[in-house]
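Residues per chain, in single letters:
There are 2 protein chains.
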Amino acid sequence: MHTDLVAALDIGGTKIAGALVDGRGRILVRAQRPTPAREDGETVMRAVAAVLGELTASPLWEGVSAVGIGSAGPVDASAGTVSPVNVPGWRDYPLVARVREAAGGLPVELIGDGVAITAAEHWQGAARGHDNALCMVVSTGVGGGLVLDGTLHAGPTGNAGHIGHISVDLDGDPCPCGSRGCVERIASGPNIARRALEDGWRPGPDGDTSAVAVAAAARAGDPVAVASFERAARALAAGIAATATLVEIDIAVIGGGVGKAGEILLAPLRKALTDYATLSFVRRLAVAPAQMGTDAGLVGAAAAVLARRPDAAAAGV
Amino acid sequence: MHTDLVAALDIGGTKIAGALVDGRGRILVRAQRPTPAREDGETVMRAVAAVLGELTASPLWEGVSAVGIGSAGPVDASAGTVSPVNVPGWRDYPLVARVREAAGGLPVELIGDGVAITAAEHWQGAARGHDNALCMVVSTGVGGGLVLDGTLHAGPTGNAGHIGHISVDLDGDPCPCGSRGCVERIASGPNIARRALEDGWRPGPDGDTSAVAVAAAARAGDPVAVASFERAARALAAGIAATATLVEIDIAVIGGGVGKAGEILLAPLRKALTDYATLSFVRRLAVAPAQMGTDAGLVGAAAAVLARRPDAAAAGV
Chain A
1 MHTDLVAALD IGGTKIAGAL VDGRGRILVR AQRPTPARED GETVMRAVAA
51 VLGELTASPL WEGVSAVGIG SAGPVDASAG TVSPVNVPGW RDYPLVARVR
101 EAAGGLPVEL IGDGVAITAA EHWQGAARGH DNALCMVVST GVGGGLVLDG
151 TLHAGPTGNA GHIGHISVDL DGDPCPCGSR GCVERIASGP NIARRALEDG
201 WRPGPDGDTS AVAVAAAARA GDPVAVASFE RAARALAAGI AATATLVEID
251 IAVIGGGVGK AGEILLAPLR KALTDYATLS FVRRLAVAPA QMGTDAGLVG
301 AAAAVLARRP DAAAAGV
Chain B
318 MHTDLVAALD IGGTKIAGAL VDGRGRILVR AQRPTPARED GETVMRAVAA
368 VLGELTASPL WEGVSAVGIG SAGPVDASAG TVSPVNVPGW RDYPLVARVR
418 EAAGGLPVEL IGDGVAITAA EHWQGAARGH DNALCMVVST GVGGGLVLDG
468 TLHAGPTGNA GHIGHISVDL DGDPCPCGSR GCVERIASGP NIARRALEDG
518 WRPGPDGDTS AVAVAAAARA GDPVAVASFE RAARALAAGI AATATLVEID
568 IAVIGGGVGK AGEILLAPLR KALTDYATLS FVRRLAVAPA QMGTDAGLVG
618 AAAAVLARRP DAAAAGV
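So the sequences go chain by chain: A and B. Counting in this note's numbering, the first sequence runs from 1 upward without gaps. Counting in this note's numbering, the second sequence runs from 318 upward without gaps.
Wrong hints could be hidden among the right ones.
As the list claims (entries may be wrong) - Here's a subset of chain A near chain B, in silico, CB distances under 10 Å, partners left out:
#1 Thr-43
#2 Gly-161
#3 Tyr-276
What the hints assert, rightly or not - Listed next, with one range per pair, are the computed distances between beta-carbon atoms:
#4 B:Gly-579 <-> A:Thr-294: 50 to 56 Å
#5 A:Ser-65 <-> B:Gly-467: 25 to 31 Å
#6 A:Asp-131 <-> B:Pro-491: 31 to 37 Å
#7 B:Ser-375 <-> A:Ala-286: 46 to 52 Å
Source of the hints: derived by calculation from the structure; they are not laboratory data. The structure displayed is predicted, hence computed values, not measured ones. Using N, Cα and C, we set each Cβ at its ideal position, and we do this for glycine too.
Could you put the whole structure together from the sequences, leaning on the hints where they help?
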């Protein structure tokens with residue numbers, strides 16, 4: 001008997017994952033569909049409903065008390081809507097109402113995907129035991145979330161911690177978001193690769209021009225590849241230092257595909273932090289790699305909804 | 318009979334102000350001494366004790382339940398110590414213990430001065446009724462504080478909201494704090510004046526080269542003076558947008574001497590915000606001038622300590 005059983009949905013531009021998750025963060029049932037991201041909104045919703053349908057068909061479903069959703073953003077938790085950049089068929093789409101309906105009227109909690117991953121790292125990963133933390137995903141984009149005073153800080157609309165779109169270079173290159181010099185515009189995987197190519201790096205015989213290939217070149221000592229990661233590290237450090245200076249975090253957890261580059265990114269990042277995190281109360285800031293794997297979004301969506309229940313302490317979120 | 322009476326101290330590099338403040342934010346008794354900022358730490362403490370002595374001599378003192386301190390930073394609320402940049406005799410100075418002793422053992426609450434001003438604006442000023450706010454002081458330095466989820470967010474050490482020292486120009490000019498391109502390095506009064514002079518602005522017959530004089534020149538149409546305020550406005554906008562993107566504030570309140578420049582600063586600031594605050598959940602961000610006067614530090618220190626008491630709702634902090 002699982003007394004704290006919840007359903008979780010992790011909705012991204014590539015796949016829609018679902019699970020039943022117990023109060024200890026264990027995934028008991030899974031379902032998944034590709035996201036028909038280029039289709040109309042109702043077609044995308046049918047894929048969500050199919051995932052939910054597999055979950056509701058489980059004999060465990062009768063023990064489920066709520067549904068947590070972590071979605072690609074922007075989301076609007078106060079309105080219950082989502083407008084994921086990579087799913088154009090959903091603009092102010094009433095996802096919470098539609099999921100509630102498909103889940104037999106259960107309570108539904110919506111947060112952004114960066115916030116969900118943060119909930120997972122705080123519950124069971126690298127931010128465990130930290131009352132004030134920034135967790136980041138450095139990948140095709142740069143996302144994040146915050147734990148403040150021991151609690152997930154989702155913000156009124158569920159988007160807080162959006163570190164990829166703070167400007168650390170106010171005169172810098174235009175960002176697709178409309179601003180300039182955003183952390184993501186400098187530190188995301190595609191931008192690391194673009195900068196390396198612009199500065200003369202050339203891929204190997206396999207033609208791979210991704211940030212993974214740039215990271216391999218950097219490990220082999222290619223100075224242009226090293227410099228591109230160092231530049232990304234400086235932007236991340238400025239953003240992390242800004243966050244610590246504003247809200248007093250004591251750890252920054254770095255995950256995502258670019259985060260997996262390891263010390264090629266983390267060593268210059270720690271060094272750059274000494275340049276930007278200078279005030280007494282931010283100097284002890286730690287940087288750690290993420291510990292949660294590909295289930296972070298599901299576990300985090302479950303954590304967020306468990307935290308809203310009377311037995312919230314169990315989730316430690 | 319004042320049931321919610323507290324004592325408040327506002328400790329800066331120029332003066333040490335004290336007051337007895339009631340649960341409605343009214344100042345009933347005042348005391349003040351110049352800060353002997355260049356003297357040794359015990360001499361500075363004697364000035365604090367003299368202010369407290371005047372307060373404890375009041376017949377109202379017997380109703381006082383706690384002491385709130387807003388101090389120039391950095392402070393360390395967790396250790397109970399202060400290290401104000403402008404008071405070199407105090408480094409990790411145990412101010413909380415010393416004030417508790419001088420106040421007959423009453424509970425003492427320490428916060429940074431930017432946090433104190435934020436508490437005041439949230440209680441009775443421009444941020445009243447806003448659950449998520451950034452309040453700033455733009456003056457010789459740039460400071461600030463945050464209200465999140467309806468509550469003052471001081472951070473574990475009492476320094477949160479330190480927007481003056483987030484970098485918005487990662488390759489920018491070195492800042493005395495050790496970082497580069499900080500908001501304060503671009504937007505403080507002395508930096509507005511310095512930039513105007515470097516770019517060819519010249520003072521009038523009175524020789525006044527302060528930011529107040531630059532503001533007057535800007536109002537008279539001097540293009541170099543206008544440009545210096547516009548540059549400050551861009552840095553403030555990038556910092557405010559970063560804060561909104563990280564923690565979802567819905568209002569930024571601007572006070573301090575430079576803030577008093579009015580539309581010369583606020584008009585380009587609102588315009589620049591449309592450039593940097595681009596994501597859906599930060600686009601509705603309002604900018605408003607501060608409403609609290611020179612008593613903001615005292616009222617805010619009182620608010621912070623009132624908020625820790627069982628009747629916290631009364632202070633609305």
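Right, here's what the structure says about each hint:
no.	hint	result
1	Thr-43	violated (23 Å)
2	Gly-161	holds (6 Å)
3	Tyr-276	holds (5 Å)
4	B:Gly-579 <-> A:Thr-294: 50 to 56 Å	holds (53 Å)
5	A:Ser-65 <-> B:Gly-467: 25 to 31 Å	holds (27 Å)
6	A:Asp-131 <-> B:Pro-491: 31 to 37 Å	holds (33 Å)
7	B:Ser-375 <-> A:Ala-286: 46 to 52 Å	holds (47 Å)
Hint 1 from the list above is the single one not met by this structure.
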